[in-house]
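K.L.:
In case you want the letters, here they are:
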Amino acid sequence: DIQMTQSPSTLYASVGDRVTITCRASQSISSWLAWYQQKPGKAPKLLMYKASTLESGVPSRFSGSGSETEFSLTISSLQPDDFATYCCQQYNNYSPTTFGQGTKVEIK
Amino acid sequence: QVQLQESGPGLVKPSETLSLTCTVSGGSISGYYCNWIRQSPGKGLEWIGYIYYSGSTNYNPSLKSRVTISVDTAKNQFSLKLSSVTAADTAVYYCARSPSRGSFDYWGQGTLVTVSS
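Line by line, the protein sequences are chains A and B.
Each residue of the first sequence is one higher than the one before, starting from 1 at the first, in this note's numbering.
Each residue of the second sequence is one higher than the one before, starting from 109 at the first, in this note's numbering.
Source of the hints: derived by calculation from the structure; they are not laboratory data.
Every residue gets a Cβ at the ideal spot worked out from N, C-alpha and C, and that includes glycine.
Please note that the accuracy of each hint is not assured.
Claimed, not checked - EDC-like mimics (lysine to aspartate or glutamate), calculated; alpha carbons at most 16 Å apart, straight line:
id : chain 1 : residue 1 : chain 2 : residue 2
1  : B       : K172      : A       : D1
2  : B       : K172      : B       : D197
3  : B       : K151      : B       : D197
4  : A       : K45       : A       : E55
5  : A       : K108      : A       : D17
6  : A       : K108      : A       : D82
7  : A       : K50       : B       : D213
8  : B       : K189      : B       : E124
9  : A       : K39       : A       : D82
10 : A       : K45       : B       : D213
11 : A       : K42       : A       : D1
12 : A       : K42       : B       : D213
What the hints assert, rightly or not - Not close to chain A: a few residues of chain B, all C-beta gaps over 12 Å, as computed:
id : residue
13 : E124
14 : T125
15 : S127
16 : S133
17 : S136
18 : Y161
19 : S162
20 : G163
21 : T176
22 : S208
23 : G210
24 : G218
What the hints assert, rightly or not - Pair by pair, the computed Cβ-Cβ distance ranges are:
id : chain 1 : residue 1 : chain 2 : residue 2 : range
25 : B       : K151      : A       : S95       : 35 to 45 Å
26 : B       : L119      : A       : T20       : 37 to 47 Å
27 : A       : S14       : B       : S127      : 17 to 27 Å
28 : B       : Q113      : A       : R18       : 36 to 46 Å
29 : B       : P122      : A       : S9        : 39 to 49 Å
30 : A       : S31       : B       : S138      : 23 to 33 Å
31 : B       : K172      : A       : S63       : 34 to 44 Å
Given the sequences, and given the hints that come with them, work out the whole structure.
P.N.:
Structure representation (structure tokens):
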């Protein structure tokens, strides 16, 4: 299986901060990476796919970059609604598709 | 607006079979991959498998021997069966749709299944 490793596990930030979360793949996945936002008790919400394509309806303060094994999700100006857990998913190899362990963004 | 809703027992005894159904409304499942994903308490997401609307399946190798996913296009539903469950199968189970073998654009709200006697 392709292992997805996110860093940091927890990130403390304030409203208005620029925040970057990193996801590393154990082998090259080209650009076949998605990002999700998950709030407590809720299903994940798709933010980004193909590493840098914003899902319809997602605010433009979210952006994604990277390829091969190194990826990042950036929130340009953190809003109160953005405090949540973020996880990445690789789908280069669908047997199985795998997720990172998550990065929790908390209020500083 | 597409909506997915999981249904099924919230408590299953060890060694028995977990059965869940996902009902899709607001859109057809035709043309889509219908997935099951789970999340153990405090843990990350684990993909269980998918069924394409035409009936082809792909399962996580770690669960393959115990998983069956089926589809009923007439009812716009798909189902999960996981046999010989143990406490390690206790999790929130999500159904999710993907337009290709890729990311998941619509998810159900999730249903907690506890394995306990």
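K.L.:
Hint by hint, say whether it matches the structure.
P.N.:
For each hint, the structure was consulted:
1. B/K172 with A/D1: Distance ~14 Å between B/K172 and A/D1 Cα, so the pair holds.
2. B/K172 with B/D197: holds (14 Å)
3. B/K151 with B/D197: Measuring from Cα to Cα gives roughly 12 Å; hence the hint holds.
4. A/K45 with A/E55: Holds, at about 10 Å.
5. A/K108 with A/D17: holds (10 Å)
6. A/K108 with A/D82: holds (13 Å)
7. A/K50 with B/D213: Holds, at roughly 13 Å.
8. B/K189 with B/E124: holds (10 Å)
9. A/K39 with A/D82: holds (9 Å)
10. A/K45 with B/D213: holds (8 Å)
11. A/K42 with A/D1: Violated. A/K42 to A/D1 sits at ~27 Å, over the 16 Å cutoff.
12. A/K42 with B/D213: Holds, at about 14 Å.
13. E124: holds (25 Å)
14. T125: Label holds. Min Cβ-Cβ 21 Å, cutoff 12 Å.
15. S127: holds (20 Å)
16. S133: holds (16 Å)
17. S136: holds (19 Å)
18. Y161: At about 16 Å from chain A, B/Y161 clears the 12 Å cut-off, so the statement holds.
19. S162: Given that every Cβ of chain A is farther than 12 Å from that of B/S162, nearest at about 16 Å, it holds.
20. G163: B/G163 clear of chain A: closest Cβ-Cβ about 17 Å, beyond 12 Å.
21. T176: holds (16 Å)
22. S208: violated (9 Å)
23. G210: Check fails; 5 Å does not lie beyond 12 Å.
24. G218: violated (5 Å)
25. B/K151 with A/S95: 35 to 45 Å: violated (21 Å)
26. B/L119 with A/T20: 37 to 47 Å: Holds, since B/L119 and A/T20 (Cβ atoms, about 42 Å apart) stay within the stated range.
27. A/S14 with B/S127: 17 to 27 Å: Since the Cβ atoms of A/S14 and B/S127 sit about 46 Å apart, the hinted range of 17 to 27 Å is violated.
28. B/Q113 with A/R18: 36 to 46 Å: Check passed, 37 Å falls within 36 to 46 Å.
29. B/P122 with A/S9: 39 to 49 Å: With Cβ atoms ~32 Å apart, the hint is violated.
30. A/S31 with B/S138: 23 to 33 Å: holds (28 Å)
31. B/K172 with A/S63: 34 to 44 Å: holds (37 Å)
Of the numbered hints stated above, those contradicted by the structure are hints 11, 22, 23, 24, 25, 27 and 29, listed in ascending order.
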